[in-house]
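*Asks:* Spelled out from the first residue to the last, the chains are:
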Amino acid sequence: MAERCAIVGIGQTHHRKVRDDVSLAGLLREAGQRALDDAEMTWRDIDAVVIGTAPDSFEGVMMPELYLADALGCAGKPIMRVHTAGSVGGSTAIVAAHLVQSGVRKRVLTIAFEKQSEGDTTWGLSGGRSGGVGAGGYFAPHIRAYISRSGAPEYVGWMVAVKDRLNALKNPYAHLKVPDITLEMVRDSPMVWEPVRRLESCPASDGACAMVLTDEAGGDRSPHKPAWIHGTAIRSELGQFPGRDPVNPKGGQDCAADVFKQAGITDPRREVDVIEMYVPFSWYEPMWLENLGFAEQGGGWKLTEDGVTEIGGDLPVNCSGGVLSSNPIGASGMLRFAEAAMQVRGQAGEHQVDGARTALGHAYGGASQFFAMWIVRDTKP
Amino acid sequence: MTDPAKTEDEGGPIRFMPQLISLDYTVRTNPVAEAFGAALADGRITGHQCPNCHLVYAPPKGFCPICTIETTAEHEVPVADTGMVTSWTVLTPIQYTGQRERHDYALASILLEGADGTVGQQRLLEIPLDEIRLGLKVAAVWAPPNQREADDRGYGLGTAVDGWRPTGEPDAPAADYREHTL
Amino acid sequence: MRDVAIVSFAQSGSLVDIAASETQMLLPVINAAVERSGIARADIGFTCSGSADYLAGTPFAFVANLEAVGAWPPISESHVDMDGAWALYEAWVRLQHGDVDVALAFSSGISSRSDLREVLCLQNDPYYLMPLWADHISLAALQARALIDAGLATEGDFAEVVARSRRSASTNPFAQLSGDVTVESLLAEPYTAAPLRAADCPPITDGAAAVILVAGDLAREVCERPAWIRGIDHRSEAHYPGLRDLTRAGSARLAGEQAGVGTAPVEVAELSACFSHEELLLSTALGLGDDTEVNPSGGSLASNPMMVSGLIRIGEAFRQINENGRHRTLGHAASGPCLQQNLVCVLEGDS
Chain A
193 MAERCAIVGI
203 GQTHHRKVRD
213 DVSLAGLLRE
223 AGQRALDDAE
233 MTWRDIDAVV
243 IGTAPDSFEG
253 VMMPELYLAD
263 ALGCAGKPIM
273 RVHTAGSVGG
283 STAIVAAHLV
293 QSGVRKRVLT
303 IAFEKQSEGD
313 TTWGLSGGRS
323 GGVGAGGYFA
333 PHIRAYISRS
343 GAPEYVGWMV
353 AVKDRLNALK
363 NPYAHLKVPD
373 ITLEMVRDSP
383 MVWEPVRRLE
393 SCPASDGACA
403 MVLTDEAGGD
413 RSPHKPAWIH
423 GTAIRSELGQ
433 FPGRDPVNPK
443 GGQDCAADVF
453 KQAGITDPRR
463 EVDVIEMYVP
473 FSWYEPMWLE
483 NLGFAEQGGG
493 WKLTEDGVTE
503 IGGDLPVNCS
513 GGVLSSNPIG
523 ASGMLRFAEA
533 AMQVRGQAGE
543 HQVDGARTAL
553 GHAYGGASQF
563 FAMWIVRDTK
573 P
Chain B
7 MTDPAKTEDE
17 GGPIRFMPQL
27 ISLDYTVRTN
37 PVAEAFGAAL
47 ADGRITGHQC
57 PNCHLVYAPP
67 KGFCPICTIE
77 TTAEHEVPVA
87 DTGMVTSWTV
97 LTPIQYTGQR
107 ERHDYALASI
117 LLEGADGTVG
127 QQRLLEIPLD
137 EIRLGLKVAA
147 VWAPPNQREA
157 DDRGYGLGTA
167 VDGWRPTGEP
177 DAPAADYREH
187 TL
Chain C
24 MRDVAIVSFA
34 QSGSLVDIAA
44 SETQMLLPVI
54 NAAVERSGIA
64 RADIGFTCSG
74 SADYLAGTPF
84 AFVANLEAVG
94 AWPPISESHV
104 DMDGAWALYE
114 AWVRLQHGDV
124 DVALAFSSGI
134 SSRSDLREVL
144 CLQNDPYYLM
154 PLWADHISLA
164 ALQARALIDA
174 GLATEGDFAE
184 VVARSRRSAS
194 TNPFAQLSGD
204 VTVESLLAEP
214 YTAAPLRAAD
224 CPPITDGAAA
234 VILVAGDLAR
244 EVCERPAWIR
254 GIDHRSEAHY
264 PGLRDLTRAG
274 SARLAGEQAG
284 VGTAPVEVAE
294 LSACFSHEEL
304 LLSTALGLGD
314 DTEVNPSGGS
324 LASNPMMVSG
334 LIRIGEAFRQ
344 INENGRHRTL
354 GHAASGPCLQ
364 QNLVCVLEGD
374 S
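Residue numbers (the numbering used here), protein chains in the order written: chain A, 193 to 573; chain B, 7 to 188; chain C, 24 to 374.
No wet-lab data here; the hints were simulated from the structure.
Where hints are given, some of them may not hold.
Below, computed lysine to aspartate or glutamate pairings styled on EDC-like, alpha-carbon distance capped at 20 Å [said to hold, decoys possible]:
1) 442/A <-> 66/C
2) 298/A <-> 280/C
3) 417/A <-> 229/A
4) 442/A <-> 158/B
5) 572/A <-> 407/A
6) 209/A <-> 229/A
7) 143/B <-> 182/B
8) 453/A <-> 280/C
9) 442/A <-> 185/B
10) 362/A <-> 506/A
11) 442/A <-> 124/C
I would like the entire structure built from these sequences, with the hints used as guidance.
*Replies:* This is how it looks when you write it as structure tokens:
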């Protein structure tokens with residue numbers, strides 16, 4: 193029987209286009225210190241550190257766990273670094289959780305980060321070669337296929353963009369704040385990767401997110417209400433082979449089924465109170481709602497259209513503003529996991545969903561081929 | 007990358023000092039990509055057919071990733087230079103360092119006749135951007151023979167094909183491309 | 024802790040200036056490890072890999088390597104941008120949960136397509152160290168110099184490590200550098216970065232390796248002589264060489280203590296000593312005496328595929344139990360400038 197794992201501390205940076213007030217290490221420490229403060233711990237109390245970030249080429253630091261060891265208090269301690277493409281923030285939290293659940297460590301600090309301003313991400317993505325299409329160019333054909341299959345009206349994409357940006361106004365850490373955003377404004381924003389418009393896309397952010405995870409005894413002693421992990425799952429699948437469906441990938445379906453099973457969830461639409469999912473382009477909200485089993489095939493967009501995914505709806509999605517509002521790439525997945533935990537801890541402030549007790553954190557990466565998810569609750573498993 | 011001039015102009019403390027890092031890598035074209043490239047230079051597209059599941063991969067990988075068995079020249083099969091658009095996007099190029107694209111352009115996934123998987127990020131030519139559609143039948147517009155270079159990683163068609171033009175045939179029905187978004 | 028054993032190991036051998044892609048290089052190695060384990064691929068419950076994007080010069084380089092695993096239907100899989108030894112560690116942690124019994128850990132690296140003396144500079148603090156372009160060989164030389172200055176070793180000691188490594192490697196078909204060299208001839212060679220000579224530094228190697236881990240009784244069912252992981256731990260120390268006592272491998276000592284190295288005699292130690300003086304440092308830090316045979320494979324001085332070397336050390340320690348009937352061995356992995364980060368894995372056979 194695996195050890196129970198509690199989330200007793202959560203911290204994040206203010207995400208901005210450029211955080212030139214801190215170094216790379218300073219950015220991680222800002223999030224890490226907030227998580228430790230929340231847990232009423234110090235750096236000394238930590239047994240092991242797990243960090244995660246997207247490709248090293250984004251910042252030009254190879255294997256950054258080496259350089260960051262000093263700033264993260266890791267002299268004499270274990271530190272490891274996870275890299276699973278865009279899902280990395282989620283996978284990193286899961287590796288940290290596994291260190292606790294396995295009984296190997298008692299108190300683990302996990303931090304995911306990206307400082308996009310210290311490199312050139314689009315260049316990094318293309319490996320320095322010309323003709324790189326960026327993430328949007330890669331995902332746009334998948335989005336087109338979804339729209340074609342589901343017959344969703346194009347304003348659904350605008351609705352997600354508006355909802356997440358309005359949610360971001362309630363999140364003091366969010367990067368992109370567009371107070372006067374409207375459907376028309378999204379509709380009239382420039383087309384970047386047809387059919388994706390600029391305001392339907394995520395920004396490039398500097399930011400970090402951190403969590404302190406402990407064993408059951410640590411959760412029992414937690415000065416603030418902890419969140420408890422009820423399930424963690426990861427799946428990877430081949431990026432390209434004949435007949436693969438990147439619109440509704442099997443890896444995402446399997447990962448969701450696995451994590452729901454661990455948490456004893458049989459009807460996710462009713463039993464999950466709030467979702468933080470990885471939506472870097474607005475259409476991924478309806479796409480993932482279907483992929484994870486919250487809606488039938490071709491029906492995800494109706495949940496968005498009906499307002500079900502708004503903070504006041506009965507299945508709120510991305511109350512924090514999501515990736516569409518803050519996108520420190522390597523940290524984006526962990527922010528989803530952390531925001532899910534904040535909801536069941538009642539810690540989400542203005543974007544808190546009343547009575548949230550079961551939350552899903554979701555991240556994906558690569559060619560929609562890497563998935564990481566967890567279910568957290570306000571009670572022990 | 008922050009513009010160095012800007013930080014100086016502001017008169018405040020310097021926050022950023024751009025440090026451009028240049029690293030040299032040797033490019034090695036793997037043997038499978040090299041054989042594929044030789045065929046491309048010859049105006050032929052080839053694939054490898056997995057002896058186990060019989061799927062045809064074009065470009066060939068030198069293995070079947072589903073069956074995890076190696077494939078070699080003996081598994082080579084010819085693939086047509088015609089096919090259909092299974093998905094596409096129109097890009098407005100971001101002007102990052104090294105970018106050579108300046109104007110909006112269309113990239114498509116193309117399912118070639120005789121292959122089971124699509125070739126991604128192929129340029130569409132001779133068609134207005136707003137007339138592109140799923141199922142559009144296309145044919146290769148080959149680059150001049152002396153300009154046909156394979157991608158060293160074995161991705162795509164390198165510089166062998168300038169792009170793809172509509173053939174004028176009727177579009178393929180949805181059932182033919184639905185499962186080939188990639 | 025749940026009993027977990029290594030039951031199978033495969034390596035590509037020292038590939039030099041390989042033309043194949045990393046994925047093409049990996050595929051037969053993973054296949055061999057799976058085949059030798061006698062376990063069906065579908066029964067692998069967790070997979071973890073190690074590699075470094077900067078070696079490939081391609082962001083997300085590891086994504087292509089997924090094609091060598093058979094990730095369809097989807098698998099439970101993770102990746103560390105570290106030596107495969109840390110992938111093995113993550114797999115061992117995962118097996119402790121109890122719901123999964125079989126794990127695959129693998130790693131790959133092509134070191135030959137870049138200049139490591141450039142690329143590895145990017146491991147240093149980007150603000151204060153990296154702009155100095157202090158490369159890994161120069162930093163290693165500073166550590167070697169510190170040992171000499173402290174009276175803890177001589178250049179002759181370094182040369183003896185090299186000579187023994189080459190001699191041992193003669194019986195290892197996977198080694199890159201082997202043969203009989205004398206200490207005198209080694210000392211007659213010019214310096215690369217004083218006090219280190221070319222032979223004190225690792226060769227440039229491409230390669231891949233894979234290991235199958237199995238928990239509990241299943242390990243005995245599938246393997247006649249499994250190597251049980253009796254202790255495994257990894258530790259870092261301060262990044263700045265100036266903050267450290269370079270005459271000690273402090274984090275190696277800590278990891279060794281946590282892994283329980285000293286609780287019983289170690290018959291064979293496979294150490295990731297990429298530079299000759301590092302073997303002296305590590306042997307001291309781990310408390311290894313004359314009764315421990317060090318690097319019978321020749322070690323990293325004889326073959327050093329980056330991101331794979333550490334996993335191979337653990338694989339060689341496994342082979343000593345599985346094939347040579349030894350009882351207690353250890354495998355070690357290191358990362359970063361001047362042995363900043365160390366992992367120690369203690370293995371035991373069934374007595």
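*Asks:* All hints are to be evaluated individually against the structure, with a verdict given for each.
*Replies:* Verification of the supplied hints:
1. The suggested pairing of residue 442/A with residue 66/C holds, with an alpha-carbon distance near 19 Å, which does not exceed 20 Å.
2. Our distance criterion of 20 Å between C-alpha atoms is met by residue 298/A and residue 280/C, whose separation comes to about 18 Å.
3. Restraint check for residue 417/A and residue 229/A: the C-alpha separation of about 14 Å stays at or below 20 Å, so the hint holds.
4. For the hint pairing residue 442/A with residue 158/B, the CA-to-CA distance comes to about 30 Å; that exceeds 20 Å, so the pair is violated.
5. With a CA separation close to 11 Å, the supplied pair residue 572/A and residue 407/A stays within the 20 Å bound.
6. Note on residue 209/A and residue 229/A: the hinted pairing is violated, with a Cα-Cα distance of about 25 Å set against a maximum of 20 Å.
7. With a C-alpha separation of about 12 Å, the suggested pairing of residue 143/B with residue 182/B holds against the 20 Å cut-off.
8. Note on residue 453/A and residue 280/C: the hinted pairing is violated, with a Cα-Cα distance of about 39 Å set against a maximum of 20 Å.
9. Restraint check for residue 442/A and residue 185/B: the C-alpha separation of about 13 Å stays at or below 20 Å, so the hint holds.
10. Restraint check for residue 362/A and residue 506/A: the C-alpha separation of about 19 Å stays at or below 20 Å, so the hint holds.
11. Taken as a hint, the residue 442/A and residue 124/C pair is broken in the structure, with Cα atoms around 23 Å apart against an allowance of 20 Å.
Comparing the model with each earlier hint shows violations of hints 4, 6, 8 and 11; every other hint is respected.
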